[in-house]
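Colleague: Chain residues, written in single-letter form:
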Amino acid sequence: MSSSEPILRVEGLSAAWGTTPVLEQVSFEVGRDELFVLLGPNGSGKSTLLRCLAGLEPLSAGRVLLDGADLARVPAHRRGIGLMFQDAALFPHRSVYENIAYAPLLQRRPRSEVDEEVRRQVDLLGLAGFEDRAPDRLSGGERQRVALARTLAARPRLVLLDEPFASIDPELKAELRADFRRALRAAGTSAIHVTHDRPEGLFLGDRVGLLFDGRLDRSAPPGDLFNDPGTDRAARFLGYDVFPGPSGLEAVDPRDLRLGPVGGAGSALRVVAAGTTGGERLVVLRTTTGERVESRSPDEGPLPLPGDVVVGTWTRSVRILPTGAVAPAKDAKNRRVFERA
Amino acid sequence: MRRSLGELVMLVPIAAFVALFALLPVGLLFAASLSAVGGIAGLGSLLTQPLNQHSVANSLLQGGLSAALAVAFGYPAGVLLGRYRWPGRELVRSLLLVPFLLPSLIVVLGIEDLFGAGGLLGTPFPDLSFFGHGTPGVVAANLIFNVPLVVLLTAAGCETASAELEETVVTLGGSPARAYRDAWGPATWIGAAAGGLLTFLFSALSFAPPLLLCGERCYTVEARIWSLDQVLLAPSDAGALALIMVVLFLAPTLGYLYLVRRLATPSGRQARRARPLDRSATTIALVLETGAVLTAVAVLLGAVLFRTLVPVGGAGPGSAWSALFGPGTARRLGIGIPAAVGNTLLFAIAAAGITVVLAVPAAFAVLRRPGRGSGLGLFLFVPLLLSPVVLALSLATFWRPLLGGEGSVWVLVIVSQTVLALPFALQSLGIPLAGLSPAGREAAESLGAGRFSAFLDADLPRVRDGLVTASLFAFALGLGEFTATYFLVTPRFTTVPVALYGLVGARQLPLADAAAGLLLLLSLAVFLALSLGGRRVEL
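Protein chains in written order, with the numbering used here: chain Y, 1 to 341; chain P, 342 to 880.
What the hints contain is simulated information worked out from the structure, not anything from laboratory work.
Treat the hints with caution; some may be incorrect.
For each label pair, taking beta carbons as the anchor points, the in silico distance ranges come out as [to be verified]:
#, chain 1, residue 1, chain 2, residue 2, range
1, Y, D67, P, G405, 50 to 56 Å
2, P, L388, Y, S112, 45 to 51 Å
3, P, L364, Y, P58, 39 to 45 Å
4, Y, E5, P, A518, 58 to 64 Å
5, P, G781, Y, E5, 51 to 57 Å
6, Y, A61, P, T623, 51 to 57 Å
7, P, E786, Y, A61, 48 to 54 Å
8, Y, D132, P, S386, 51 to 57 Å
9, Y, G263, P, G781, 19 to 25 Å
10, P, G781, Y, P58, 34 to 40 Å
11, Y, G263, P, P779, 31 to 37 Å
12, P, G385, Y, R108, 39 to 45 Å
13, P, V588, Y, N42, 36 to 42 Å
Which chain P residues stay away from chain Y? Per the calculated CB distances, all over 10 Å, these [what the hints assert, rightly or not]:
#, residue
14, L364
15, L506
16, T509
17, V511
18, L513
19, G514
20, R519
21, F647
22, I690
23, P742
Chain P side only, calculated, beta carbon under 7 Å to chain Y, not exhaustive [as the list claims (entries may be wrong)]:
#, residue
24, E505
25, S516
26, A592
27, T594
28, E786
Think of the CB as a built atom: it goes at the ideal place given N, C-alpha and C, for glycine as much as any other residue.
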């Protein structure tokens with residue numbers, strides 16, 4: 001197997017709960033040592049997709065290939081895919097050491113090697129001194145660290161992370177994200193991380209895929225994705241304001257939306273709410289068609305009042321297409337381009 | 342966390358009731374009996390008497406054998422019920438309660454109808470008559486009651502297991518067997534162990550099966566106490582033996598309480614997403630075993646129903662029923678069947694009403710708090726430590742003279758049925774309460790509702806199902822209660838189960854079958870009321 005071959009290839013994966021489709025024709029690849037982030041709103045099918053890859057949910061169509069081998073008949077415990085849950089799911093009656101040593105012991109590695117593996121994971125995830133602690137004496141962040149250490153100690157070929165920071169305090173999240181990224185890099189493991197948190201996804205991913213209503217909208221490196229969201233739905237999810245322009249839809253970064261008095265050229269907007277968020281002014285507005293948009297600017301001058309009508313202008317925008325007017329297609333480099341449907 | 346004055350006030354009624362009608366009479370009975378037999382030394386000499394020794398041995402043998410077999414038969418079916426999703430699952434869950442809700446006499450009668458002389462199975466297959474009498478018959482009767490309990494408690498254990506932990510084990514490379522051992526199996530073991538201990542207690546203290554299916558050589562301690570008091574007229578010996586029994590069975594009772602609380606996790610029993618049935622050998626074996634368990638229960642109840650319609654001796658279906666309601670039966674029992682039905686319903690309704698009135702405030706005051714295992718919480722479950730015979734003996738000894746002799750019998754029957762139903766009503770309320778967040782009540786209070794209004798508007802509706810279940814469960818237990826009632830009643834206050842016992846004892850099997858049919862109809866009505874609302878009884 002060439003090292004340039006992807007570790008994971010997902011082809012036309014569909015899954016359903018009873019008769020309700022949850023995932024439809026999802027296709028993507030994950031490269032070796034790549035951290036692929038699946039970003040999407042709650043209920044878009046992210047967790048189900050991970051469960052399908054791990055072998056915990058049946059596929060209704062499609063294939064999952066790991067290192068080129070079809071996993072259709074491979075049970076979950078033989079796939080070599082580690083899955084880490086949002087609530088860590090630690091063994092409550094085992095210490096931190098015993099939790100991390102669980103998989104190496106299952107693999108019947110020699111005791112000295114198990115000790116070495118645990119020590120390596122403990123160092124990597126900053127858990128030194130916690131080895132003898134019971135899980136109920138750990139904070140949320142510490143529990144997640146132990147869960148990742150336990151997953152990595154199994155030396156999986158692919159790690160799946162299901163919203164691991166969802167219940168972590170915001171102040172801790174940034175540090176934890178960085179530590180996770182560093183640990184995954186050090187382990188040399190490919191990983192898929194799912195989240196609905198936009199900054200988290202864009203920060204972590206080597207490549208980011210957007211999942212809406214069970215369909216993969218597109219995937220690209222975070223910078224490319226942000227600079228070219230493609231559709232109005234993706235643009236809105238990535239935080240853009242969407243305006244109809246003379247030659248189609250335009251996505252405007254809220255930091256580029258300037259507000260002025262009525263009379264000038266631009267889009268008429270009604271102020272819904274206005275306030276400051278630590279040095280930045282945030283104004284929430286509605287367009288004449290009822291769309292919600294935001295303006296973010298330095299906190300200067302008097303705040304507009306709810307009900308005020310203002311005019312929005314911008315100097316930069318990205319051209320996008322309406323969702324449904326495009327059909328995703330995959331290019332040879334596993335990048336998505338958009339064609340008119 | 343300190344309890345508020347309001348919570349303590351809510352506890353006063355149940356605490357007073359348990360103290361007055363359980364702890365006080367039982368304590369006085371034990372003290373008087375202990376003194377009469379000559380203290381601890383007297384207890385020792387009581388235990389040297391062969392018949393008493395024999396009753397203890399019988400209790401341990403019948404209880405141990407029944408518990409082991411009930412776990413062996415019930416555990417696989419419990420796993421299938423708790424872990425897998427299949428058509429009719431909830432109906433089966435409800436049906437499994439039927440044997441528990443039935444009077445023990447119906448099961449005894451079913452054993453007779455199947456394996457006894459002229460039995461539906463014993464006649465064509467004479468070898469099966471082995472199960473129609475003696476210890477095998479008693480154990481078979483115990484199993485019909487208790488295997489469903491093990492099934493239900495094992496299934497409850499399944500539902501407390503963490504699905505994420507199981508999936509974590511699998512994705513870490515653990516085989517399904519390893520996932521069972523390390524992730525979801527231990528929770529089922531707790532459920533099965535709780536079921537096993539409950540089976541042991543119910544079987545070791547069983548009353549009607551050894552009396553009717555075997556006689557003196559199979560007497561349990563419970564039956565021996567009854568015999569000492571009612572037949573040999575040695576109430577002090579009966580009281581002292583009751584004390585020995587309570588001490589002997591204290592450990593398994595506390596063990597059951599401990600285990601069943603572990604099934605009520607802080608977040609309550611979760612509706613874990615059950616997995617679809619697959620076609621693995623293990624699953625097929627589970628399905629077959631469950632089918633066998635359900636068939637055994639259905640065949641036994643079917644035999645009673647069949648004999649209700651086609652009496653032994655070949656008489657027409659209507660003859661036994663008309664004889665049951667005829668003057669001959671009234672003369673034999675000292676009361677007409679319609680009056681016995683009236684007594685049964687009256688006692689059961691009154692006991693259920695009092696049980697709920699006492700249990701609801703207590704459950705809210707104690708059980709919704711973390712640390713349900715506190716001394717106070719445990720106190721509420723004291724009645725579980727008391728067998729029906731011990732309770733009835735103590736009430737008859739202490740309260741009957743105070744309340745005015747025979748005229749007080751109806752009061753004591755209602756009191757005994759209430760005391761016996763309280764732990765199960767508390768359990769039915771406690772499980773939903775354990776998962777009840779205070780947020781709704783606190784929100785109501787922050788909106789200006791008083792404490793009582795917040796309780797009525799926010800808390801009570803959220804445990805409404807538990808409340809209805811507790812009421813129906815208490816009613817069903819009262820409907821089928823035989824042991825304590827038999828100990829206490831006079832002919833005027835005879836209930837249908839007591840009448841049924843008289844008819845079985847007199848070998849009037851066609852009449853007994855008709856009476857059993859009547860009880861079955863009453864019990865099935867309660868079962869329907871329980872299952873129609875999709876309610877779940879917690880054991």
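Colleague: Hint by hint, note whether the structure agrees.
Modeller: Now for the hints, and whether the structure bears them out:
1. Y:D67 / P:G405: 50 to 56 Å: holds, 55 Å
2. P:L388 / Y:S112: 45 to 51 Å: violated, 58 Å
3. P:L364 / Y:P58: 39 to 45 Å: violated, 57 Å
4. Y:E5 / P:A518: 58 to 64 Å: violated, 34 Å
5. P:G781 / Y:E5: 51 to 57 Å: holds, 55 Å
6. Y:A61 / P:T623: 51 to 57 Å: violated, 28 Å
7. P:E786 / Y:A61: 48 to 54 Å: holds, 52 Å
8. Y:D132 / P:S386: 51 to 57 Å: holds, 54 Å
9. Y:G263 / P:G781: 19 to 25 Å: Since G263 (chain Y) and G781 (chain P) have Cβ atoms about 52 Å apart, the given range 19 to 25 Å is violated.
10. P:G781 / Y:P58: 34 to 40 Å: holds, 38 Å
11. Y:G263 / P:P779: 31 to 37 Å: Given about 55 Å between the Cβ atoms, the range is violated.
12. P:G385 / Y:R108: 39 to 45 Å: violated, 56 Å
13. P:V588 / Y:N42: 36 to 42 Å: The hinted range 36 to 42 Å is violated for V588 (chain P) and N42 (chain Y), with Cβ atoms some 57 Å apart.
14. L364: With a cut-off of 10 Å, L364 (chain P) remains clear of chain Y, as the shortest Cβ separation is near 36 Å.
15. L506: L506 (chain P) is in fact no farther than 10 Å from some Cβ atom of chain Y, at 5 Å.
16. T509: violated, 5 Å
17. V511: violated, 4 Å
18. L513: Non-interface label on L513 (chain P) violated, nearest chain Y Cβ at 4 Å vs cutoff 10 Å.
19. G514: violated, 5 Å
20. R519: violated, 7 Å
21. F647: holds, 40 Å
22. I690: holds, 43 Å
23. P742: holds, 54 Å
24. E505: holds, 4 Å
25. S516: holds, 5 Å
26. A592: violated, 24 Å
27. T594: violated, 26 Å
28. E786: violated, 27 Å
This entry does not satisfy hints 2, 3, 4, 6, 9, 11, 12, 13, 15, 16, 17, 18, 19, 20, 26, 27 and 28, going by the numbered hints stated previously.
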